[in-house]
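Counting along the sequence shown from 1, when you hit position 93 you're at 324 in this note's numbering, and nothing is skipped either side.
If you're looking for bench data, these hints aren't it; they were derived computationally from the structure.
Treat the hints with care, as some may be off.
Here are the computed lysine to aspartate or glutamate pairs in the DMTMM-like style, where the Cα-Cα straight-line distance is at most 20 Å [unchecked claim]:
1. Lys355 <-> Glu365
2. Lys320 <-> Asp379
3. Lys323 <-> Glu280
4. Lys346 <-> Glu262
5. Lys323 <-> Asp264
6. Lys320 <-> Asp368
7. Lys355 <-> Asp368
8. Lys320 <-> Glu280
9. Lys346 <-> Glu365
10. Lys355 <-> Glu340
11. Lys323 <-> Asp379
Taking CB as the label site, the calculated pair distances span [claimed, not checked]:
12. Pro286 <-> Val366: 28 to 34 Å
13. Ala396 <-> Glu321: 24 to 30 Å
14. Ala261 <-> Pro359: 31 to 37 Å
15. Val366 <-> Ala261: 43 to 49 Å
16. Val269 <-> Glu365: 19 to 25 Å
17. Glu365 <-> Arg279: 18 to 24 Å
18. Arg279 <-> Pro359: 33 to 39 Å
19. Asp379 <-> Ser254: 42 to 48 Å
20. Ala344 <-> Arg272: 18 to 24 Å
21. Arg362 <-> Asn283: 18 to 24 Å
22. Ala317 <-> Ala265: 17 to 23 Å
In this text, all values refer to a predicted model and were calculated from it rather than measured experimentally.
Heads up, the beta-carbon is just placed ideally off N, CA and C, and yes, glycines get one too.
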Amino acid sequence: MLHGDAAHILVACAGLAVTTYPSLAATTAAEFDAAFAVNTRGAFLCLREAANRIPHGGGGRIVAVSSTLAATLLPGYAASKAAVEAMAKELKRTRVTANCVAPGPVATELFFAGKSEEMIERFKAGNPMGRLGEVGDIAPVVGFLCTDAAEWVNGQVIRVNGGIA
Numbered sequence: 232m233l234h235g236d237a238a239h240i241l242v243a244c245a246g247l248a249v250t251t252y253p254s255l256a257a258t259t260a261a262e263f264d265a266a267f268a269v270n271t272r273g274a275f276l277c278l279r280e281a282a283n284r285i286p287h288g289g290g291g292r293i294v295a296v297s298s299t300l301a302a303t304l305l306p307g308y309a310a311s312k313a314a315v316e317a318m319a320k321e322l323k324r325t326r327v328t329a330n331c332v333a334p335g336p337v338a339t340e341l342f343f344a345g346k347s348e349e350m351i352e353r354f355k356a357g358n359p360m361g362r363l364g365e366v367g368d369i370a371p372v373v374g375f376l377c378t379d380a381a382e383w384v385n386g387q388v389i390r391v392n393g394g395i396a
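Construct all of the structure, not just a fragment, from the sequences and the given hints.
See the structure below:
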């Protein structure tokens, strides 16, 4: 959102789909590099621009989209999303609120890519709500964090995932 020449809101939502879930030993350097190239570098470029353009001192909002999977044992993907969370948290000291939204599995083309019906059903069954998330479950949380009502929410990772631990 622009007011004059200054941006006041950034939502950074770069993401690379996880279609396989390899262990550290089975993760290739190419898979690891791809996760960081998109998830981390993409967010870094956006967050760096926001840090330079959003006026410090109050009123600005930054929301970076992470993933519930950042807290799991998927080495490349989890590390790339954990890096996004760390970068966003660093910006909280600027009096620009900086938070992360960490969705669980969300029913999008990106999520469904490369997954069997059996795998999708396992994701649903593993969620306390018994379903995949919808974009409409995530968007209101992101929207709230961009408002003045969220001024006291800063440096947080908000897991929007239907109750996945």
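Comparing the hints with the structure gives:
1. Lys355 <-> Glu365: holds (12 Å)
2. Lys320 <-> Asp379: OK: Lys320 and Asp379 at ~19 Å, within 20 Å.
3. Lys323 <-> Glu280: Roughly 15 Å between the alpha carbons, so the hint for Lys323 and Glu280 holds.
4. Lys346 <-> Glu262: Holds - the C-alpha atoms of Glu262 and Lys346 are around 17 Å apart, at most 20 Å.
5. Lys323 <-> Asp264: With Cα atoms ~28 Å apart, Lys323 and Asp264 exceed 20 Å; violated.
6. Lys320 <-> Asp368: violated (23 Å)
7. Lys355 <-> Asp368: Roughly 15 Å between the alpha carbons, so the hint for Lys355 and Asp368 holds.
8. Lys320 <-> Glu280: holds (15 Å)
9. Lys346 <-> Glu365: holds (17 Å)
10. Lys355 <-> Glu340: Roughly 16 Å separates the two Cα atoms, so the pair holds.
11. Lys323 <-> Asp379: holds (15 Å)
12. Pro286 <-> Val366: 28 to 34 Å: With a Cβ separation near 30 Å, Pro286 and Val366 satisfy 28 to 34 Å, so the hint holds.
13. Ala396 <-> Glu321: 24 to 30 Å: holds (26 Å)
14. Ala261 <-> Pro359: 31 to 37 Å: holds (35 Å)
15. Val366 <-> Ala261: 43 to 49 Å: Since Val366 and Ala261 have Cβ atoms about 29 Å apart, the given range 43 to 49 Å is violated.
16. Val269 <-> Glu365: 19 to 25 Å: Taking Cβ atoms as reference, Val269 and Glu365 lie about 23 Å apart, which means the hint holds.
17. Glu365 <-> Arg279: 18 to 24 Å: violated (31 Å)
18. Arg279 <-> Pro359: 33 to 39 Å: Holds, since Arg279 and Pro359 (Cβ atoms, about 37 Å apart) stay within the stated range.
19. Asp379 <-> Ser254: 42 to 48 Å: holds (45 Å)
20. Ala344 <-> Arg272: 18 to 24 Å: Holds, at about 21 Å.
21. Arg362 <-> Asn283: 18 to 24 Å: For Asn283 against Arg362, whose Cβ atoms are near 40 Å apart, the range 18 to 24 Å is violated.
22. Ala317 <-> Ala265: 17 to 23 Å: holds (20 Å)
In this structure, the earlier hints numbered 5, 6, 15, 17 and 21 are contradicted, and the remaining ones agree with it.
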